[in-house]
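Number of protein chains: 2
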Amino acid sequence: MADKVLIYSRFPKSMMTRFAERFELLDTGGKPPREVFPAEELGGIRALLTAGGSPFGAEAMDLFPKLGAIVCYGTGYDGVDLKAAAARNIAVGHSPGANAASVADIAMTLMLATTRRILVADQYVRSGDWAASKQSPMMRPQAGMPGRRIGVYGMGEIGRKIAARCVAFESEVGYYSRTKYDLPYQYFPSLEALADWCSVLMIAVRAGAETQHVVNADILRRIGADGYVVNISRGSVVDEKALVAALTDKTIAGAGLDVFEKEPHAPDALTALPNVVFAPHIGGHTLDSHVAMQNCVLANLAAFFEGKPLPYAVKSA
Amino acid sequence: MADKVLIYSRFPKSMMTRFAERFELLDTGGKPPREVFPAEELGGIRALLTAGGSPFGAEAMDLFPKLGAIVCYGTGYDGVDLKAAAARNIAVGHSPGANAASVADIAMTLMLATTRRILVADQYVRSGDWAASKQSPMMRPQAGMPGRRIGVYGMGEIGRKIAARCVAFESEVGYYSRTKYDLPYQYFPSLEALADWCSVLMIAVRAGAETQHVVNADILRRIGADGYVVNISRGSVVDEKALVAALTDKTIAGAGLDVFEKEPHAPDALTALPNVVFAPHIGGHTLDSHVAMQNCVLANLAAFFEGKPLPYAVKSA
Chain A
1 MADKVLIYSR FPKSMMTRFA ERFELLDTGG KPPREVFPAE ELGGIRALLT
51 AGGSPFGAEA MDLFPKLGAI VCYGTGYDGV DLKAAAARNI AVGHSPGANA
101 ASVADIAMTL MLATTRRILV ADQYVRSGDW AASKQSPMMR PQAGMPGRRI
151 GVYGMGEIGR KIAARCVAFE SEVGYYSRTK YDLPYQYFPS LEALADWCSV
201 LMIAVRAGAE TQHVVNADIL RRIGADGYVV NISRGSVVDE KALVAALTDK
251 TIAGAGLDVF EKEPHAPDAL TALPNVVFAP HIGGHTLDSH VAMQNCVLAN
301 LAAFFEGKPL PYAVKSA
Chain B
1 MADKVLIYSR FPKSMMTRFA ERFELLDTGG KPPREVFPAE ELGGIRALLT
51 AGGSPFGAEA MDLFPKLGAI VCYGTGYDGV DLKAAAARNI AVGHSPGANA
101 ASVADIAMTL MLATTRRILV ADQYVRSGDW AASKQSPMMR PQAGMPGRRI
151 GVYGMGEIGR KIAARCVAFE SEVGYYSRTK YDLPYQYFPS LEALADWCSV
201 LMIAVRAGAE TQHVVNADIL RRIGADGYVV NISRGSVVDE KALVAALTDK
251 TIAGAGLDVF EKEPHAPDAL TALPNVVFAP HIGGHTLDSH VAMQNCVLAN
301 LAAFFEGKPL PYAVKSA
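Sequences listed follow chains A and B, in order.
Just so we're aligned, residue 1 is where the first sequence starts under our numbering, counting upward by one.
Just so we're aligned, residue 1 is where the second sequence starts under our numbering, counting upward by one.
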């Protein structure tokens with residue numbers, strides 16, 4: 001009999017096919033488990049798969065008295081209450097680094113699309129305004145990449161890949177993270193100092209309680225009127241209200257956003273802005289990174305059911 | 001009395017301000033010069049500024065019997081009949097390399113925006129379809145950059161900068177150009193062989209009679225259904241009708257286009273397609289590259305009026 005895995009978040013059906021070859025899946029489709037499955041079935045669940053950003057606290061854990069493993073799809077695990085898991089002897093796994101290149105690439109895509117105003121440019125051609133020689137203030141030349149100061153906030157695998165890409169664009173790279181690494185980029189001792197220096201702030205920090213709303217009105221003011229924010233980490237890192245205000249009153253020039261405070265919702269005041277490029281949390285959304293993340297999930301689940309430690313365990317869990 | 005310079009193409013007024021500090025400008029705004037200025041005024045013109053891609057042949061030259069210098073704004077000079085200029089002892093200048101980084105960056109922007117489907121992604125968020133959990137076939141995960149085979153057609157300054165950027169994205173780079181260089185990229189002896197190998201064809205070749213429509217239906221078929229074309233060179237290099245057909249019947253997956261056969265017009269059949277990202281020939285359109293190109297123009301004009309050779313002369317002229 002195949003081991004049972006509860007699918008706690010909503011994942012595309014196509015993605016579940018591969019897991020279903022190996023495990024018996026109880027798929028909630030993202031609905032509260034009790035609405036979908038009887039309590040006795042939930043009582044037998046020993047492992048579940050969740051999106052790392054979805055809230056999963058003590059109360060949710062206690063729905064599954066036999067739970068031994070929470071496996072997060074993706075790098076993040078900020079939705080999981082690690083203390084509550086540890087107190088219940090529940091192992092927590094994730095997919096470290098499997099999507100780092102894919103996420104770094106969406107960061108670059110959003111930065112370039114925003115600074116070169118590609119949405120406006122595309123519309124300028126499609127609408128016929130170009131053919132009609134209509135003026136477009138949004139089409140005025142902007143600063144290019146050579147010499148641009150890119151501030152990377154967070155120097156994990158994704159931050160490093162962003163930095164390496166930016167150097168190839170002849171940009172200057174600076175970073176702030178809790179730790180100073182032996183890396184060929186200028187280190188700033190605070191997010192404030194990095195924001196003062198840079199013209200693009202790339203948010204690549206791991207999300208958590210200590211990074212909640214750290215990119216606030218003050219940081220945005222420091223980035224300044226020629227500056228941009230790109231967030232591919234988690235919506236929680238940015239004070240979204242302050243960001244909307246800064247984009248509306250031109251405190252900053254623009255933003256590229258793959259993540260939002262309350263996904264899949266982005267506030268109307270934000271989505272109405274012309275100086276933002278949006279993506280629906282597709283940072284890790286490439287064929288290669290999905291395969292790599294699935295490999296981590298399968299390895300974590302297989303090890304757990306064999307009674308072994310998770311090969312991709314969350315370090316602090 | 002300031003030296004007179006005829007402005008043959010249509011340039012933004014803001015761009016002319018700097019030249020007007022030094023020279024007396026006769027600005028046609030892109031209209032036929034005879035419609036704007038009396039013949040005797042044109043007869044005295046010794047130097048003119050033109051967009052390198054605009055047709056400027058023997059007949060046009062003969063409007064200006066005293067013409068001694070044709071200065072192209074930008075790298076390209078494919079619109080200028082170099083033989084006709086040489087026969088009339090007219091020097092031809094351009095701005096070599098001044099916009100190479102800016103053009104390479106628009107190539108990268110178009111490739112990333114097209115392969116990661118950023119127009120669809122942005123609209124998916126803005127429309128509320130994401131919040132409503134609506135399915136979108138265009139949002140299916142695509143191949144990412146690591147391991148992607150990028151074929152660079154043309155290995156001048158722009159091609160080299162594109163290649164260097166692609167390597168930072170962990171992609172494989174191959175190239176075809178008339179000359180094989182000592183570069184760490186795989187060389188292909190023909191455009192056909194490059195097209196067979198690559199999944200993105202980056203067109204960075206210098207335009208001219210010998211490259212007219214070389215990217216044709218056969219080349220597009222070789223790039224294949226998972227493949228993309230990015231053109232930041234000149235529209236003339238691509239058979240635009242064949243491209244429209246290939247994009248419509250999914251012979252290739254998509255395209256990113258900064259240049260077109262008959263600018264500023266892009267065919268309706270092309271601009272109606274969802275799998276293309278368009279830009280209105282803004283490759284060299286950044287503040288830094290404009291300054292660098294203007295420096296070349298000023299140096300060329302100053303040297304000419306001092307009776308010296310153009311410092312940025314077209315080599316074959």
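Derived from the structure by calculation, the hints contain no laboratory data.
Do not rely on the hints blindly, as some may be mistaken.
A pair counts as met if it fits within one copy or between any two copies, since identical chains are not told apart.
Said to hold, decoys possible - Straight-line distance between alpha carbons at most 25 Å, and here's what the computed DSS-like set of lysine-lysine pairs gives:
(1) Lys-241 - Lys-66
(2) Lys-13 - Lys-262
(3) Lys-308 - Lys-31
(4) Lys-134 - Lys-31
To see whether the hints hold, each was checked on the structure:
no.	hint	in the structure
1	Lys-241 - Lys-66	neither (41 Å within a copy, 63 Å between copies)
2	Lys-13 - Lys-262	within (23 Å within a copy, 45 Å between copies)
3	Lys-308 - Lys-31	neither (30 Å within a copy, 77 Å between copies)
4	Lys-134 - Lys-31	between (50 Å within a copy, 16 Å between copies)
Hints 1, 3 from the list above are not met by this structure, while the remaining hints are.
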